[in-house]
Amino acid sequence: MRRAEIAIGTVVVAGGVLVPLLHAPRFVLVICYVGLVVLGLGCEYLAGRRYRSWGYCERSRDLLVRRGILVRRLTVVPYGRMQLVDVTAGAAERVFGLATIKLHTAASATDARIPGLPPDEATRLRDQLAALGEAQAAGV
Amino acid sequence: MRIGRAFLGLIVLLGADRISSSGSSGGHSQNSVIDIALVGAAIVLGTVSWYVTTWRIDGDTLQVASGLIRRNTARVPLSRVQAVDLVEPLLARVLGLAEVRIRTAGGSGGDARLMYLKLEDANWVRASLLAMAHGLPDSTPPPPERSLFQVSNGRLVGSILLTAPALVAVVPLTAVVVLFATGTVTAAAIGAASGTLFLDVLAVVSRMVKRVAGEWGFEVAEAPDGLRIRSGFASRVAETIPYGRVQAVRMEEPLWWRPFGWCRLELHLAGSVRRERDQPRAAIRRALLPVGSRAEAEWLLGRILPEHQVPLTRPPRRAAWRAPLNYHFLAAGRNQSCALSTSGRVRRLTEWVPLGKVQSIRYEQGPLQRPLGLASVRLDVAGRRASVRWWNRSATEARDLMHALPGECEHARDRDSTYIQSVARTPASQVAVPSPPTSMPPAGGAPLGAVPPGGQPAISEPPPPAPRPASAMVSIDPDQL
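Sequence order for the protein chains is A and B. Under our numbering, the first residue of the first sequence is numbered 17, with each subsequent residue one higher. Under our numbering, the first residue of the second sequence is numbered 157, with each subsequent residue one higher.
The following block holds chain A by itself, in its conformation from the complex:
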């Protein structure tokens, strides 16, 4: 969701860069601004949908991770198969107080990633996953 604000911000900045270049008639400027606003709203809408597409569900034996709008993906990772749990918080994420959890299994094709978690929730999830993974660990 915060990404939406970032997207809008960049669009507005781009507009600001664009404006001094245009000593064009007023109606062109108006059209540009209207276009930018529409673009920003579109970004906001898409980012909102993108945000709502992310989801996860802790079940008794496995974790479900869902993501994607255009390509919808649902990944099931049994706790016993998790090799390590990564928690990362990039610079932009830290500004908004967010963190990303990434699960690794022995299969490199597994791409279970849960972005945009509040740090408390990320820590809780990480500890819980680690504990469950240990309790249900299975060999390769």
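The following label-pair restraints were derived from C-beta to C-beta distances:
1. B/LEU247 with A/GLU137: 53 to 61 Å
2. B/VAL332 with A/LEU62: 52 to 60 Å
3. B/ARG227 with A/THR116: 34 to 42 Å
What the hints contain is simulated information worked out from the structure, not anything from laboratory work. On a predicted model such as this, the values are computed, not experimentally measured, just so you know. Each residue gets a CB set at the ideal place from its N, CA and C atoms; glycine is no exception.
Let chain A serve as the given structure and place chain B on it in line with the hints.
What follows is chain B alone, placed relative to chain A:
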């Protein structure tokens, strides 16, 4: 317990010998001084490195210590041993030495190597390591092994000549030769043309030679502790693949092999070939059968995956819009112990995955699939590429698969672990060695699974949706995809 020393230095000594002999033939005194210094340094370094490299089996770990100034100790838990290989490079083979390579599933250090033991010592180390990896006392004698079959070298060469890169290289070459023989073009034109071709051809030929040399004299034997694979022309490699370490099996049938009914079987094993960031474990791909008839492949498969006969189903007919070219070759199915999928029109691929080895299950629905009501389900196992795919199934079927598969995989996993324990407790002498394949079924027989003939898609009736397990914390509903 036991402390051995690896014969690293001998090889260095021999190499140094050869350097010095070639150096002295040069005649210049200055050169020979440098040579002698080099040889001396090599001898000293080799001897020191040989002297400080020790290994021992302590309880249930193997420890390899090396390095004089910077001590480096690798510990390998024996329960993590995936396979033990015996590698004999040409030079070592001449001297009757061998390297023992212990493959583990990732972890610290990856492979442990015991470089250059005497051949009988190496055999003994291999046998006791495997025995201990199976939880037996280390004095267990190596279990008897029974040769399953050998691949004839003629067929091997023929099959490699019939692979696509070889054909690509050979066709222009023969064209050039034929044109030259018939005198349609001059030698100068041929020189110009072959100059550009030469490097390509050289690369392809060297690859082919490498593959032939690597798989020369291919021999598969079976022992209670695993499959033994021996191959190699100049340097022999003997590998032992414990049962229950196979992550996936893959059968390839390239277009050019189909007139002969040949196929190639590959095993995917968990192990560390190269480790990259974000990729804790890679898989090893091993040819189990470089080239063989369908019947031989079937028979071998039965040894690794006893229940590999799987009823196959096809995607619904509307999937032909999404995958017009290979729709007719897509099929997948599962039984209680493994899943199987086929794909590919030109290069037919059949992949088996034991359900007990599944690492994650993925559902995917792309923008082209959604209007058609299609979705794909994948089972991933350890490794980069190995997976079984239900390509382009109807969305309801895919959803049912997503409901059913996690439970089935868990079941298979539990069964596997009990099975492995029961095998480990059985003394090696009591494990029945199967009878050798005296009566092979005729080539081309033995249908693989039951693909319904004709284009009629046979979708199995979707089972009633399974009750969902209670969720600890639901932020998504798995049904709402």
